[in-house]
Amino acid sequence: GENVEQHPSTLSVQEGDSAVIKCTYSDSASNYFPWYKQELGKRPQLIIDIRSNVGEKKDQRIAVTLNKTAKHFSLHITETQPEDSAVYFCAATEGYSTLTFGKGTMLLVSP
Amino acid sequence: DSGVTQTPKHLITATGQRVTLRCSPRSGDLSVYWYQQSLDQGLQFLIQYYNGEERAKGNILERFSAQQFPDLHSELNLSSLELGDSALYFCASSITPDRGGELFFGEGSRLTVL
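Chains Z and Y, in that order, give the protein sequences. Residue numbering for the first sequence follows our numbering, beginning at 1407 and increasing consecutively. Residue numbering for the second sequence follows our numbering, beginning at 66 and increasing consecutively.
Chain Y extracted, bound-state conformation:
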């Protein structure tokens, strides 16, 4: 158990819909990262928050948004869903975003768009 909690574990929805994925980081970790894992695409970085502020943005679509709340949990919002958004979405946390260090991944939220 990494200490990172993601909900829901599985989600099936239709094209055009909107979903929210939730992540609670390890106790004490201030930095939260979101990654998308599609077949043959590895781990694609979406966005990072540190202590409530957006820290870095990767290949995140305009239809996607995220935020980190004062209690440090984070939510990833995916809207106007398309078939190609079907993927495993991982949240990870770390103590600090600087100097390199271990990322602790949650179990992931598997999104299926039909």
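Isolated chain Z, as found in the complex:
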């Protein structure tokens, strides 16, 4: 089955800095890679996703890049704000099985 590894487990940045979270996956058939954000005490929510037919996708201050050859994908957050503080989960699936999540990255943005 799919195995997703996520790094780092915690990330502390200053407000305004950029943050990068990296994930690797094992199943070369995987073709859908979402990122979920979970604020403290809240439910996970989708913030951005990418499919394997594109290499990069942006949505305002967040972007995701995908390297299929290396089987890794990354989340980039620019101009971080305190409200970006949360746990971020990457996930992967080949579409016909359930999502496999990474263990999460706790992002702390200090004012």
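A couple of the hints might just be wrong.
Far from chain Z by the CB rule (all over 10 Å, computed), these chain Y residues [stated by the list, open to error]:
id, residue
1, I77
2, R83
3, R87
4, N116
5, F129
6, D136
7, N142
8, S144
9, E147
10, T177
Derived lysine-lysine pairs resembling DSS-like cross-links, with alpha carbons at most 30 Å apart [what the hints assert, rightly or not]:
id, chain 1, residue 1, chain 2, residue 2
11, Y, K74, Z, K1448
12, Z, K1477, Z, K1463
13, Z, K1448, Z, K1509
14, Y, K74, Z, K1509
15, Z, K1443, Y, K122
16, Z, K1443, Y, K74
17, Z, K1463, Z, K1448
18, Z, K1428, Z, K1464
19, Z, K1474, Z, K1443
20, Z, K1509, Y, K122
FYI, nobody ran anything at the bench for these hints, they're computed from the structure. Predicted model, so just to flag it, every value in this text is computed and none were measured. Cβ atoms here follow ideal geometry from the backbone N, Cα and C, with glycine treated the same way.
With the hints as your guide, set chain Y onto chain Z.
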């Protein structure tokens, strides 16, 4: 509000007991997933149902079982509870289990086993 409803929000029980967690998916969603979230363990997939049928099984213990009813709500039954079963249990729903797509999570049921 995701449209996914989970009850109860909090549950405290003793070792050896049995509990039932309930989930109502978003209107129109046929697929229901159960995930367990423990400290430092991320989101562990337990089981998935699609339109009443079991679709996929993950790391679900034999002491746990689930079902999806004709009205599409789902229940997760946890029996012979152990201290290590204390966790946040999420239900999520989606329109279709195929081709990848957004999962809509409920607020979770926090289970504490004493």
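Enumerated hints in conflict with the structure, sorted upward
none
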